[in-house]
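K.L.:
Position 78 of the sequence shown, counted from 1, bears residue number 78 in UniProt numbering, the numbering being contiguous throughout.
Any given hint could turn out to be false.
To be verified - Each computed DMTMM-like pair below joins lysine to aspartate or glutamate, with the alpha-carbon atoms no more than 25 Å apart: (1) LYS84 with GLU70; (2) LYS75 with ASP46; (3) LYS84 with ASP30; (4) LYS75 with ASP86; (5) LYS84 with ASP46.
As the list claims (entries may be wrong) - Distance ranges between label pairs, derived from CB positions: (6) ASP14 with ASP86: 51 to 61 Å; (7) THR47 with ILE16: 34 to 44 Å; (8) SER12 with PHE38: 24 to 34 Å; (9) ILE9 with ALA79: 18 to 28 Å.
It should be emphasised that the hints constitute simulated quantities derived from the structure, not laboratory data.
Each residue gets a CB set at the ideal place from its N, CA and C atoms; glycine is no exception.
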Amino acid sequence: MASPSQEPIQISDDEIFRRKLLMDGEGLGDDRRLTILFRSFVNWCDTQQDSDEQIVLGYEGLLTSLDNCELQMRKSHQAQVANKRDIQNYEEQEAEMS
1 MASPSQEPIQ ISDDEIFRRK LLMDGEGLGD DRRLTILFRS FVNWCDTQQD SDEQIVLGYE
61 GLLTSLDNCE LQMRKSHQAQ VANKRDIQNY EEQEAEMS
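Could you put together the complete structure from these sequences and hints?
P.N.:
Here is the structure:
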C-alpha cells in the first residue's frame, strides 16, 4: 500500500486555472499585458491634439510594450517545450522501471 506522500495528486483544470489566477494576481499576466497594450493603442490612435513629439513617444511606448509581450511569449514557449521534454523523459524513465 502506498503512503499518502506517494499517491498521485489529482487536480482538475478548474483548480489549475484558479491557482494560476491567484498566483498571477487575478489578471496581472499575459491577458493583462495584452489588454494594456490594446488600450494604449486605442488611446494612441485617438490622440488628435497631441504634439508630434508626444505622438512619437506614444508610438515608441507601444513598440516597447509589444516587444515585452513578444519576449514573454517566447519565454512561455521555451518553458512549454522544456516541460514537454521533461514529461517525455519521465515517461521513458517510468517505462524503464516497469
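K.L.:
Work down the list of hints and note, for each, if the structure agrees.
P.N.:
Hint check:
no. : hint                         : result
1   : LYS84 with GLU70             : 21 Å, holds
2   : LYS75 with ASP46             : 32 Å, violated
3   : LYS84 with ASP30             : 21 Å, holds
4   : LYS75 with ASP86             : 16 Å, holds
5   : LYS84 with ASP46             : 43 Å, violated
6   : ASP14 with ASP86: 51 to 61 Å : 24 Å, violated
7   : THR47 with ILE16: 34 to 44 Å : 41 Å, holds
8   : SER12 with PHE38: 24 to 34 Å : 31 Å, holds
9   : ILE9 with ALA79: 18 to 28 Å  : 20 Å, holds
Of the numbered hints listed earlier, those contradicted by the structure are 2, 5, 6.
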